[in-house]
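S.K.: Take a look at the letters that make up each chain.
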Amino acid sequence: MTPEFLLTAIIFLPAIGALVLSIIDGKAVDAIRFMSLGVTIATFVLTLMLWMQFDYETAGIQFEVSKAWIPNWNIFYRLGVDGISLPLVVLTSLVSMLSCVASWSINKLHKGYFMLFLLLETGMMGVFLSLDFFLFFVFWEVMLLPMYFLIGVWGGPRKEYAALKFFLYTLAGGVLMLIAMLMFYFNSGGTEHSFNLIELAKAASGTSDHITGFLSPSMQITAFVLLFIGFAIKLPAFPVHTWLPDAHVEAPTPISMILAGVLLKLGGYGIIRIAFPLCPYGAAYAAYALVAIGVISIIYGALAALAQTDFKRLVAYSSVSHMGYVLIGLGVWKITEGTTVNSDMWLMGINGAMFQMVAHGISSAGMFFMVGVIYDRVHHRDLNKFGGLMGLMPLYSGLAAGLFFAGLGLPGLCGFIGEIFVVLSTWNYSPLLAIIAASGVILTAGYILWALQRVYLGAEYKGPHKEDITRMNAREASVAIVLLAIAIVLGVFPGIIFDMMHASTSALVESMKLGYQHAADLVKAAADTQAMR
Amino acid sequence: MVGETLRNYLMIAWLLPLAGFVVEIFFGFYSKNPRHSKAAAWCAVGCIGAGFLCSCAALVTWGNANDWCALEHHDSHGEHADAGHETAGHEHGEHAAGDHHVAEPAHNAAAAGEDHGHEHAVAAASGDAADHDDHASGSQQTTYSGVLYTLGKFGSLELSLDYYIDSLTLVMFTMVTLIATCIHLFAMGYMSEELTDEYVDHQAHTSDGKHVHRPGRFYRFFAFLSLFCFAMLGLVLAGNIFQVFIFWELVGICSFLLIGFYTERKSASNAANKAFIMNRVGDFGFLIGLMVLWTFFGTFRFGDTTNAEGVVAEQGLFSMVHRDEATGNFLTEPITGDVLITDNHGHALQQDGQNRSIPYYLLVVAGLGVFAGCVGKSAQFPLQTWLPDAMEGPTPVSALVHSATMVAAGVYLTGRFFPMFVQEVLLTIAYIGCITLFVAATIAVVATDIKKVLAYSTISQLGYMMLGLGVFGWGAGLFHLITHAFFKSLMFLCSGSVIHGCHHEQEMPKMGGLLKKMPITAITMLVGVCAIAGFPMLFGLHFSGFHSKDAIVASALAFMKANPSHFLLFFIPLLTAGITAFYMFRLWFYTFWGTPRDHHVHEHAHESPWIMTVPLLILAPLAWLCAYGGESGPLYLMLTGDAPSHLANGVAAATEGGLVMPGHEAVHAVHIQAGLLALAAAFSGALIAYILYGTNLVNVEQMKNQLSGIHGFLANKWHFDDLYDALFMKPAHKVAAFCAWFDKTVFDSILHGSAKLVVLVSQWDRIFDEKVVDGFVNLLGTSTQSVGRSFKVVQTGRLRQYVMFIVLGVVALFAVVFTTFPG
Amino acid sequence: MQPSLSNYLLVGAVLFVCGVICMATKRNGIGVLMGVELVLNGANINFVAFSKFTALGLDGQVFSLFVIVLAAAEAAVALAIALNFYNNHLTIDVDRGNKLKG
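Residue numbers (the working numbering), protein chains in the order written: chain L, 1 to 533; chain A, 1 to 823; chain F, 1 to 102.
Please keep in mind that the hints were generated in silico from the structure rather than gathered at the bench.
Glycine included, every Cβ here is placed at the ideal spot set by N, Cα and C.
There could be a bad hint or two in this list.
What the hints assert, rightly or not - Below, in silico cross-link-like pairs of lysine-lysine (DSS-like), each with a Cα-Cα straight-line distance of 25 Å or less: (1) A:K756 - L:K462; (2) A:K744 - L:K385; (3) A:K744 - A:K734.
As the list claims (entries may be wrong) - Here chain A is said to cover these stretches of chain F; the calculated rule only asks that three of the stretch's residues, wherever they fall, bring their Cβ under 8 Å from a Cβ of chain A: (4) 17-24; (5) 91-99.
Generate the whole structure from the sequences, applying the supplied hints.
M.R.: And the structure:
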């Protein structure tokens, strides 16, 4: 299998799986389940093969594929991976696989569910692997539709509301992205590289061989704001996060896992893959806003989580809080008098943010799964009506405690590394924001421990369906154990991720600095001309 | 090679408990009969015991490598010549003798760095070799540090797990592993009730008022203990402050798990949460300190790293700030007053053509931040309230985690990080310690729960240590840390023995007269009480607390003499020394002396089995004698072998009205005076306790009623819990509820509002569509139709009529054509 | 004396008018058909006359042949209609049928 074909295979294998599913008899539930599980496992193996063949030392794109798709409009089928997308690709296939195992609890319309599920995986993979802006956009929308149905058909009591809210929010973001995409296309001459994300990024720093014209610095700011809002909705950042709690609460457990484990990462990935390199000047301009929004998200999300009585909603708000660190890490780009100060700190922030994305993908998927496990038994999520599960389900409680500690940011588990690296890099940027961000550790400990206490500790179970509480079965335990094991491995050896993305993030920082300098020179030249007149 | 050997020994000691944890958890969970097997306990004991042996071996290796110079140096003062060997013999038997020939000159040790790329040599005290002119180790390497592995590297920034081994590390390792071994043994007896499938928890109730029945969790307890040992040893071994933070959190979570071991009890899980969250408050400060250090120094390492040639590759924190040799203050930029960041020789490092420096106030912030972490961990004012609640955990936990090791970690870190503290921070430390020791001691006076008394006493003693460090008594503070660890863990184990013997009765008013029933416990407890009270002389040998507390009080006195305005820092500890003796003897008399107050408890009381008394018998002599020789004894000399060098000469006032820090000479001069004062206080305290509780001369109940105001205030712990509840807990929940409400109401109503607006607009759109657009088209249609209908009448169906029409039409056509186009 | 164009046209016009009057006045369907034949033949005379007196060559004759053939076909169809009409109405009085009324 040639490396180039590998990427296409990763993207479309699930879609082919969905096609095959369509001809299977809908009543053969087990066949459908194992078939989809097989497809997700195969995809995971393919991504592992990709990882094996990946060269850590290369900063640029690897396994590049470029075929004309709609030549009249200069739309290409461009794929490739680098150190920034590889961890997320592996994470996606992993979380998809695990949530496929978790999908055994789905109890109606199996065939439709698993077909949509596999289509969703295709969409997610496509977003992470495409390097053509148009293709990216197409996959972005492709991903949206299965999600809408997965929430809207298999969801909880308010599923229609939640699905619609999710759909509209994301679509609004998509529209803003579309505007920005057209801005880039037409301002870079509408040539065959005008959708090429890599060439556009080079053009932003003035080093492109193919693209001559580019956005003016002020237009960069506009484009950045448009892109940022689009991605911030997905991230989600305060104040456009309100779709998240509803979507999570109503979505079935495996879909919550995907939502938290992968979909939220698309926001961060979009910022670091598109918004940043394509508008470095805009990014520098808006850096403070990014960090401030991140800080607000952390504190606000943590406080909101503290007040929840719905277990799943609490975990959802914890996602808002945790993804705030991603924004902070990306935004700590300190520029004084036109030059970047201590860019190693920013590099650390970006690495921390990327790590946080992966770590959150593991820990939050785990937390949602754990909520789902107990929900499947007692069919309620009221935090005040649990208690005593430690005695009734010891293995479950132990694993859940581990995963929640990972979310709490306990050293030795994955959540710690991302958070702490981001926070450490923040003082250099702004001491005030750094202090506020650091205070999140108290609130996080507060809501997680309080939730643990109410659910797992205590003398007895206080809610309904006590007789239905059975020990975790092997299928459930395997999912939780895999997630916890990864959380531990990443917490102890974060180098696994850092090594993977080191070359790419360093190159990103350098090109961003160059791009900012390029744009700043233009601004200065314009000001000089103005003064001459 | 010494560095590597030490590293390997200590890493084995450190990682064994982790392996033990994994084994215990897995085999405990999957083995067929985990509820009845003591295998987990033996595994844990084996791991920590092996760890102790490794620590001893490391200690001996270290000592041999530098010819026991830390101990021999004081020979010139005419003190015990072979004290070192006595300690060695005392603590580690044959190892000392056997390994003696391994001693190698220090330059061999330095050369070892060449084999090992990560080996780092650190001069004993960050380049101040000049201060060591009278110190034999001036030419010896006594500190070893290096990298274990890298967590992340970003440009010039690198975060890694390191190790840093000096005399303090080694002493701490030995102390922790020794005490932990004893406590593991004790716990095997104490927790044996858990060896059942049907454990009845008398303190946890279900909603129908019955006791909770649950399977025993013996193996889980030992697994947690092992995990704790791993975290604690990692904390001590840590070679950078970030790593300290990592293990800081890990000991915190272990403490959480152990306090909340009885998960069924609401009070236990509350206490566990409280402990962890209050520690997190301190850690928040710690984090701020870390951020400042990271931003300005770009490293967290304590020591320097060297490359293969033995040249310094990257400096550690301790060598990046330099002290003026004359005054002992940091070198600063003359104009701005910022503290210079220097190379190993005191020359400022350059960056972009300017001297690298850190604003002085930020150094204060960093110091206070790190200290805030210590405040949380060591339960200092104002974060002291979690420790008494933490007594919800099983007693061995209180002994190990909440008296001897984890809570002492705050003091350890303060001592470890001492070279970076500026005067303002030290003064804060001193005052925090002073407030804490007084507040906690007063509460201990009225507490009636035997473990709570000990908990408050722990807080108070930790306050002493902090005070000692704050008034420049680096050696004194850490000295007390070690001695306190021994006697306090002893006392906790004794209290555990009492509780076990009295069937989980913890209230002292229900005890009394247990001396005859539990003689071993009572006597060993008395040893501990005498040690903490600071009593001198028994068979010609002073109690350990006498030495260490004297050292602190002497430091405080010297400090007060140098800075008269800070007189409270001396008088309050002195007064509290009396209070300490009072409440400790009160505890002892209350529990063991007099007549039984509750016959039910008394009748069933019994001495504990051997597995619990043996640890007491091991710890009691240590608590008595570990400080043998006082400040010229082996323990103290060993501890202070790598003391920050600027301490010896003291520090002159940097500015007008600044602090003067007394040097060793000044402390030495007031030692006798301070010792006598402290002794007087302790004796009077003990005497009062005897009069009140040992005899029937005074009616204590009556006294309590007369002083009910102050008694209530103290019994309510100075209302700290109420205050925090009102100040922080309630507002936090209010704000959280507000946020949730805000999210649900404001954001969503904006969203719903705009959705409604869209619906409204679309309704208007529908009306427009239906009325205007459709209306026009329909109108067109209907009018066409009506016109057509009006023509219908012509269509008669009569054939001949049609012919007539044709004829007439043709005629008309002709007529028109001919009239229009005539010709 | 050669008859002139106007003579022919006059004969054609007379035939045409006779035919029209026959169509308009006859109530008998067959009569109407006969009127139609007269009209067609009037037109045929005109075709042939114009063909003879102008430079059209044989076009007029060809046309009139077409018309004759057409008339025959029409007569066949019309007679079939008349037969049908009779079957339905038992008469061939065209005033009796008003099915074409709109």
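S.K.: Name the hints, by number, that the structure is in violation of.
M.R.: 1
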